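These protein sequences, in sequence, are chains A and B. Just so we're aligned, residue 1 is where the first sequence starts under the numbering used here, counting upward by one. Just so we're aligned, residue 1 is where the second sequence starts under the numbering used here, counting upward by one.
Treat the hints with care, as some may be off.
Each pair may be met inside one copy or between any two copies, as identical chains are not told apart.
Derived lysine-lysine pairs resembling DSS-like cross-links, with alpha carbons at most 30 Å apart [what the hints assert, rightly or not]:
# : residue 1 : residue 2
1 : Lys344    : Lys168
2 : Lys205    : Lys303
3 : Lys252    : Lys6
4 : Lys213    : Lys103
5 : Lys185    : Lys213
6 : Lys205    : Lys185
Think of the hints as simulated: they come from the structure by calculation, not from any bench. Note that the structure is a prediction, hence the values are computed from the model and not measured.
2 protein chains.
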Amino acid sequence: MTKLSKNELTTLTQSAFVALGLSPEDAREVAYVLVMAELFGLTTHGVSRVESYGERLRVKGINPTPNITVETCAPSLFKVDGDNAVGPLVGMKCLNVAMLAAKAQGVAVVLARNSNHFGPISPYSLLAAEQGFATIIGSNATTTIAPWGGSDARLGNSPLGFGVPNPKGQPFLLDMAMSVVARAKIRNAFKSGQSIPDTWATDAKGVPTTSPKDALDGFLLPIGGHKGYGLALWVDMLAGLLSGAAYLTHVKSWLDEPDLPQNLGHFFILINTQLLGNSEWLAQRMHDFAAILHDSEAADPQKPVIVPGEIELNKMQDYLQNGIPIDDDLLLLLQNYSKGHFPK
Amino acid sequence: MTKLSKNELTTLTQSAFVALGLSPEDAREVAYVLVMAELFGLTTHGVSRVESYGERLRVKGINPTPNITVETCAPSLFKVDGDNAVGPLVGMKCLNVAMLAAKAQGVAVVLARNSNHFGPISPYSLLAAEQGFATIIGSNATTTIAPWGGSDARLGNSPLGFGVPNPKGQPFLLDMAMSVVARAKIRNAFKSGQSIPDTWATDAKGVPTTSPKDALDGFLLPIGGHKGYGLALWVDMLAGLLSGAAYLTHVKSWLDEPDLPQNLGHFFILINTQLLGNSEWLAQRMHDFAAILHDSEAADPQKPVIVPGEIELNKMQDYLQNGIPIDDDLLLLLQNYSKGHFPK
């Protein structure tokens, strides 16, 4: 592990994307989002993505020099065509369009098509919260979940995130996918020879299973059964169906077809909380809200009650002060990419 | 069971609310929402609510002659003061304000305070969908869920609903609460002497339990653990914290303090889909979306894959044609209320 400052890691990541064909400005924007993911401790969605994004950039499955365009449908409603850009570039464009419109209009909705994996949602939510905007942000994704009661993968484990600003403290940040657990957790159970709860996944025929091996051949189960299924569908309807992007099985696989555009879609819904009351009012309510939750005695004294976002924001504080730990293999990869030395 | 036409049931329910002190116009609006709940088969949120709403109306815990006011914060953002009206009256007001604004602005957000239980969400979503609006609608509720890892009830089982219009077929309608199961399901398990999965509820100390008896003394668990906890908090932040309503433990109990205003809050987010593409385009995509899901072979041949809303909308078709079945006790209650004969 090596600890890098935010600036060091951003510059290094930017260089990698410049070497992959992006303009310095675009590369900076993408690096910004991925480094924020690292600051939150979301390493699976952080700078390690240089590798997978890079793989597609090199075979032109992602467009390194896009012309992202914005269509104004109404004063508060916008469509963005990502021109198959790197996802975080489209995400940042959507966020900026939405913030500008919501400032005056009170609310803005931006729907994006022709995009790619846009990183985790919390970075966007935090940037918006810092400017006083509450957010609902979502994206569709490659299919990994079967319809509730179905027997093959037809919908994605769509990420959905929320933010609420706090003028004098930590904002509320929630960033979740729709499956009960990530696939990695099932792989870990398999490796350690343990069984899994039958609420995590189904076998290849769509039947809930306690065998991690069968689960790895099957499909992730959504939270709350039919409820999470419905939620995941709704995210895809906004992010994919209404945006003009691909949806459900129309989303091309990231792995199988690296040279074909995925045509992913995202949505950004922003609400200007500064028009609802002054910052004293909001800060007092946010403080009280968190205090009520923290005040509930923990069932396990080792695990106090938290408000979503606390873990990530505390980690960010730590990393900004003490540096961001980066795995040495990953650091080497970034250094190689930044010099234009890519794997075969 | 007696079968009533939609008109018969609406008129009877309207009469009951007029007898409880509402104006004929307001009573009609409330009846309209509760009868739609019956049409969807959501009997727990239907005309049986005349009894509980009536109980509070009679002790002035709900205001029968409210002056609901609307504040325009920005062209797309509104605050509604419900003046402690019957919830569905506030809900319909919010919906109408939102539809009017979203028609021109593309999007509208309405946040309501000083309200009460506003019925199920699907009626609002359907009315909006019929006019071309996609919806996200939520409300907070009396506390029944402990914070994730906590040990006492500090948040409500907040309902959250979504709708997406379909110009040539059934809209998408999702209406869910945040608990894995409703309390009634745990009561049923207790009555039949069965154990329950440990994902449904905790005991009084916040520890997950398989005993329905201990669960009834404890708290409902949210879907996906910390995910559902976060979702329920977010609903309360929009519906309660940002709207200016009560939130978390500030929400007064419906049962313990029937004469005190609950100060519940709601939010309505509407997106005008007619500005995104023409109706042919949307109808084709909605048809294709549903077809992809229906086409997944059912794991259990008796339970084909469905799209959220199908069950309710099919029931509505049936009931509109063949009448709405109403339990005889409930019918008698409605008839008594409509004549001003209330229980002691």
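Right, here's what the structure says about each hint:
no., hint, in the structure
1, Lys344 - Lys168, "neither (50 Å within a copy, 51 Å between copies)"
2, Lys205 - Lys303, "between (37 Å within a copy, 14 Å between copies)"
3, Lys252 - Lys6, "neither (34 Å within a copy, 46 Å between copies)"
4, Lys213 - Lys103, "neither (51 Å within a copy, 51 Å between copies)"
5, Lys185 - Lys213, "within (12 Å within a copy, 32 Å between copies)"
6, Lys205 - Lys185, "both (21 Å within a copy, 28 Å between copies)"
When the structure is compared with the earlier hints, violations turn up for hints 1, 3 and 4 and for no others.
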